[in-house]
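So the sequences go chain by chain: A and B. The first sequence begins at 1 in the working numbering and counts up one residue at a time. The second sequence begins at 333 in the working numbering and counts up one residue at a time.
These aren't lab readings, by the way, just hints derived from the structure by calculation.
List time: in silico DSSO-like cross-link candidates among lysine-lysine, alpha-carbon distance up to 30 Å: (1) A/29 - A/18; (2) A/14 - B/660; (3) A/328 - B/346; (4) B/662 - A/330.
There are 2 protein chains.
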Amino acid sequence: MSHEILIVTESELKRTLKLGRSVNDLVEKAFAALATGEVIMPPILSMDLPMVNAEVDVKTAYIPDFEHFAIKVSPGFFDNPKLGLPSLNGLMMLLSAQTGLASAVFLDNGYLTDLRTAAAGGVAARHLAPQKVETAGVFGTGVQARLQIIAAHIERPFKKVLVWGRNRDHAEACAQDIAAEIGVEATAVDSAERVVKESQLVVTTTPSREPLIDADWMHPDLHITAMGSDQEGKNELDPEIAAQADLYVCDRVSQCELLGELRTAKQTGNWPSDQTPPELGQIITGGAAGRTSDATITICDLTGTGAQDTAIGNHALELAYSLNFGTKIKTD
Amino acid sequence: MSHEILIVTESELKRTLKLGRSVNDLVEKAFAALATGEVIMPPILSMDLPMVNAEVDVKTAYIPDFEHFAIKVSPGFFDNPKLGLPSLNGLMMLLSAQTGLASAVFLDNGYLTDLRTAAAGGVAARHLAPQKVETAGVFGTGVQARLQIIAAHIERPFKKVLVWGRNRDHAEACAQDIAAEIGVEATAVDSAERVVKESQLVVTTTPSREPLIDADWMHPDLHITAMGSDQEGKNELDPEIAAQADLYVCDRVSQCELLGELRTAKQTGNWPSDQTPPELGQIITGGAAGRTSDATITICDLTGTGAQDTAIGNHALELAYSLNFGTKIKTD
Chain A
1 MSHEILIVTE SELKRTLKLG RSVNDLVEKA FAALATGEVI MPPILSMDLP
51 MVNAEVDVKT AYIPDFEHFA IKVSPGFFDN PKLGLPSLNG LMMLLSAQTG
101 LASAVFLDNG YLTDLRTAAA GGVAARHLAP QKVETAGVFG TGVQARLQII
151 AAHIERPFKK VLVWGRNRDH AEACAQDIAA EIGVEATAVD SAERVVKESQ
201 LVVTTTPSRE PLIDADWMHP DLHITAMGSD QEGKNELDPE IAAQADLYVC
251 DRVSQCELLG ELRTAKQTGN WPSDQTPPEL GQIITGGAAG RTSDATITIC
301 DLTGTGAQDT AIGNHALELA YSLNFGTKIK TD
Chain B
333 MSHEILIVTE SELKRTLKLG RSVNDLVEKA FAALATGEVI MPPILSMDLP
383 MVNAEVDVKT AYIPDFEHFA IKVSPGFFDN PKLGLPSLNG LMMLLSAQTG
433 LASAVFLDNG YLTDLRTAAA GGVAARHLAP QKVETAGVFG TGVQARLQII
483 AAHIERPFKK VLVWGRNRDH AEACAQDIAA EIGVEATAVD SAERVVKESQ
533 LVVTTTPSRE PLIDADWMHP DLHITAMGSD QEGKNELDPE IAAQADLYVC
583 DRVSQCELLG ELRTAKQTGN WPSDQTPPEL GQIITGGAAG RTSDATITIC
633 DLTGTGAQDT AIGNHALELA YSLNFGTKIK TD
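Chain A extracted, bound-state conformation:
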């Protein structure tokens, strides 16, 4: 059986695909599909490799409206920095939704994941952040700290960014990058409390296993997107925040109660065991109420879904076809 597969590299993708309103739109569409119940998204295949301090996740989701479905492999090898290699890399395959034949392999080293993860934060900001955001705060100083702020700024064009990180130098570098990228005032700040109290939109992007944000710092007109916790054991928010929030939203409840902030909130009794929070897709499609006024506290708990991968993968493949990049290989 002969057909062609397109092999696309990270640099080809980076040259042609960047964050923007259209990527947020695309990921919004994926969440909306999740809410309609037509998406088939099996549990994440997760392989822990303690002997090499590593883990490997495989995600997939089938969305009937999309021509292809993605299967994404995300290895995290946390000793890689000792070898001068990044901890995270990975690749994504796109298979035809009609025949299962592979159409493309994206050797993206996680770039598409970075984009779709940030765009989910953008979608959360679109639907949940106060209309007026003057200041945005970000916890963490890595790739997602930068990208989340870019994706949120598309939706809420704030003037000021406060960056908190454990390492002051990293926080300053991150602030500089953000200032250069979106042309706002961006400052590294030592006080986590100040970041929360002065911001109307906060994004947490760390792998922390202890809460970084105290429930006492909550104030009306605040939205928090917590995207750092995507694993059992991670936790960025004081669990009492779930009880205080006027609206608590998950990307996928079944994932958040295992891997997200909802896990600790439930364990500590701050989220009632008999209640199910709405999902972002339901807010988008109107199946659940969103923010009702600027003076409320909203939380969005993001763990990452295969549906986002399928959405960004389809978009990247359309780009590759239309701009004619990638290497064609006959599978015969």
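Fit chain B to the supplied structure of chain A, relying on the hints for placement.
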């Protein structure tokens, strides 16, 4: 981050890698590793897609002794034949066991799976079949019917093959192919009973959902490898056979009790719920007793393991490096 990934096609693999004793050895090594408990093999990620009459499985296994681990994607789109396409295809990735970086993508359309599946049957024959096999029987007329007989013939050089299939023409074509491939007398036979009664080694390779082999047909000096059932609902052996057998062996108990013949055997009380059958790897490593004499009945229940994929994938990559085939792509 720049590194090179090797993209290898089905035809490149078919030209260079065929069944043989060394492939059986390799898969034997994978089963032995499974028995030592050092293999990490998470449950299969399985996505049912009833709206397109399809399913997609993803398997992986990490074996410390191997330089890479495989992640294999196996789509089955059962309406494909209407489009002139095979139902099964798929691809396999090899990731470094030390860094998680992808080293190769095999666009093999399931060829490596075909080999490693047949080789598991070869390993089962090596350890479980009577020493003297004059006649081998095979149920089914597809790719695995041919390959299983080739892999078993390496271990037990039988003189005669009986082929049973629902479609007489297919059975005759299969018998002809087998005769041409390994130079034995091969005959299509209408009576399933005759196939079993006249054979010392039987392999079942069908997707049947009703038993094809009756417990009444059992005789001493018989080994059956049942590899067709790899899904809930499939069933090739009369469940009473599990009770009659002197030795019942699984490739992986946790899979066989869900997907293999063991499922029905347990459901019908033909396998005691408080007993765990040995695994093929334990027979190989001496952790459990194998066949004790030619005059016994042994069964091997094969569902397919990620460990086999990792073994064949490593071998294919070594071949590609040493024979210099495949297309190198810089991931940059």
